[in-house]
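Novice: Sequences are here, hints too, so could you generate the full structure?
Here the protein sequences line up with chains A and F, keeping their order.
Read left to right, the first sequence gives residues 1 to 376 (full-length UniProt numbering).
Read left to right, the second sequence gives residues 1 to 376 (full-length UniProt numbering).
Don't read these hints as lab results, they were simulated from the structure.
For every residue, glycine included, the Cβ atom is placed at its ideal position computed from N, Cα and C.
Accuracy of the hints is not assured; some may be wrong.
Stated by the list, open to error - Think about it this way: if two alpha-carbon atoms lie no more than 16 angstroms apart in a straight line, the pair counts; the simulated EDC-like pairs of lysine to aspartate or glutamate are:
#	chain 1	residue 1	chain 2	residue 2
1	F	LYS355	F	ASP342
2	A	LYS203	F	GLU35
3	F	LYS203	A	GLU35
Said to hold, decoys possible - Okay, the calculated bits of chain F under chain A, using three or more residues with CB under 8 angstroms as the criterion:
#	segment
4	180–194
5	197–206
Chain by chain, the residues:
Number of protein chains: 2
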Amino acid sequence: MKSNITDESDESSDCSDTTETDCNTSYFTSYENLEVHRLMLNDRPRTESYRHAILQNRALFQDKIVMDVGCGTGILSLFAAEAGARKVFSIEASNISLIARDIVRQNNFQNIIEVFSCQVEDFILPNSEKVDVIISEWMGFYLLHESMLDSVILARDRFLKDSGTMFPSKASIYACPSNLNGFYEQEIDFWDTVHGYDFSVVKQIVLQNKQQSPQILSVDNSELVAGPEIVKQFNLMNVTVEDVKQFQSKFFTSSMEKNICRGIVLWFDCEFPTELKSENSLILSTAPRCPPTHWKQTVIVLPTEISLQAGDVIGFNIKLSQSATNHRHYNIQVEVLSDEEDHPMPCNCGLARCKLIKTFMQEQDELDGNEVIDIS
Amino acid sequence: MKSNITDESDESSDCSDTTETDCNTSYFTSYENLEVHRLMLNDRPRTESYRHAILQNRALFQDKIVMDVGCGTGILSLFAAEAGARKVFSIEASNISLIARDIVRQNNFQNIIEVFSCQVEDFILPNSEKVDVIISEWMGFYLLHESMLDSVILARDRFLKDSGTMFPSKASIYACPSNLNGFYEQEIDFWDTVHGYDFSVVKQIVLQNKQQSPQILSVDNSELVAGPEIVKQFNLMNVTVEDVKQFQSKFFTSSMEKNICRGIVLWFDCEFPTELKSENSLILSTAPRCPPTHWKQTVIVLPTEISLQAGDVIGFNIKLSQSATNHRHYNIQVEVLSDEEDHPMPCNCGLARCKLIKTFMQEQDELDGNEVIDIS
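Specialist: Here it is in structure tokens:
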């Protein structure tokens, strides 16, 4: 018995001069790496949310036609079939589709689940009957990294019945200022003194590097220095590709205690529909207070620190826009707003004027019978 | 204050069709990533071994001329300067050399340590005086990955005085059969049942993938199923580039109990010289029984499992050879030997015949006054 092994593992190299095709190739081949799938399947909050949302809402799936956009190993398709779906069209552009097909057969769902090896953009529904439900785990870092939502929107417009259901049905991006204590201790302050020597010149370089791109890391809930704010909410039933391309949000929030603000933490949550209107909808949240997921949180490290006293109001304008050179990436712009800037209405900052306006608007909303969401 | 961030982080893509220049470029740029340096500096067994070996042997450094090959951030050069070196020539091919120069200045060693931004192959010693000591942390996974030893050998041949010292002075590669229980539990058996479904088709694919290339992972000492064997020892004072290019080792070892052998674990250790002959030399070991390092262990997963009873003898031939297409990579070939194969002499397998020969050879060695190393 011989084992012949070549160690061809190489240092990673970033692709530059990316074209649309290149971006797609790199995106789809990366998903063939089974380690990524193990990571995702092993992410219990992620996979269990879908499992509960699907299996505890069998009425939404029983005898229905389902589409799974970007099915990966096919786990969501299996849940849907288990929940009684009559037919599941499972679309997967990467070669993992071949493995998904084997898994489906191994679990005896080949009469229900059909795996298609293509991009959803190229998919044609057999006998052009539309589907009742679209399930998809399309979320990337800070919700939109990799822009898979574009494909889900296209699938909805082309293939979902008017009366159909999106799984998940809503998604929101949140932002909150943070002192980033854990990140600083581990990755930045390390460089102050290394084995007794002054390495502070490295600290400055590392910090500058970290400020150039969003950092994917775990932020502890205690590191948030104010209340979180919603940057953007998407209703999956009617969001458009245009809505996702570029958006911004301005918010003011007040510091809970004497603290320091070194960055903005972004995270997201997703809401799943329920068959019973009365029931609380199931939410998959990647907030710092929730069990950790493979998405962790996304951190924008600010170029300068902001000292805060209890009650101090800080304002931010956050703008996300798809990169012109690679639509799967986003430019994220964070602007710290000055005191003179107008606050939005309503505003959660806690200043007397904003409090008053907010209370007034809530009362109006309640009179109008609108649902009031207050995350402050 | 504005923070403008583009998320250009892309999935890693392996370089194919590598040429010599490509290999070097990819190798040297990867070291500019400061995260890698943080990982290495944070590796206490690694950095503290060098620190102790240098600072507890001041006599070897006092007023000496030292060369640091591949100095990185310059930490070993700082140790050498602290130990009293008159001059340290610190050679670094990647751009981290610029940072090393700043660190040296920040710590007021600019009169002792001189950082050169070049490959050691292109270095010319000012006023061509040779050096007393060469320090270098050149070790890669399974000792030789990245083949930096070639550069250290060249530096020794060109720049070290005949009476000079190599730091470290010896290096050894070890091999040991293992049941790989931890690896199987986490990365292989996971695929048996995923969220209640049979994913065993993936298990086979993952296992085949893992068998194609060496796995860098932490093996627990309890997962070794026999005694370790030395694959190769290098004396840094006289090892040649030819010695490193290709070598093999045949060994037989016996199972300690009823067990299973699923792979061969490789690791290495390095020995540092001491000023006093009587003192135990300091050893940096990356063995499973030692505190974990960033090198972890290297595992060759066998294509088929071998069942073992207590006392069963298993034989392996392990061959390492630099890849023809990229000299920084190695082909590792493991051959399981049949019972009929001749055992080497001496052999640690424990069979009566081998025990007898080994005892006889040891007695002969002792009579001849040779040092006897027995790791069984």
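Novice: Please go over all the hints and tell whether each is borne out by the structure.
Specialist: Structure-based check of all given hints:
Simply put, LYS355 of chain F and ASP342 of chain F have alpha-carbon atoms about 14 angstroms apart, close enough for the 16 angstroms limit, and the pair holds. A C-alpha spacing of about 11 angstroms is found between LYS203 of chain A and GLU35 of chain F, which places the hinted pair at or below 16 angstroms, so the restraint holds. The hinted pair formed by LYS203 of chain F and GLU35 of chain A meets the criterion: a straight-line CA distance of about 11 angstroms does not exceed 16 angstroms. Coverage of a stretch by a chain is defined here by at least three residues with a beta carbon nearer than 8 angstroms to that chain's beta carbons; for the segment 180–194 of chain F and chain A the count is 4, and the condition holds.
With 8 residues carrying a beta carbon less than 8 angstroms from a beta carbon of chain A, the segment 197–206 of chain F meets the three-residue requirement, and the given coverage holds.
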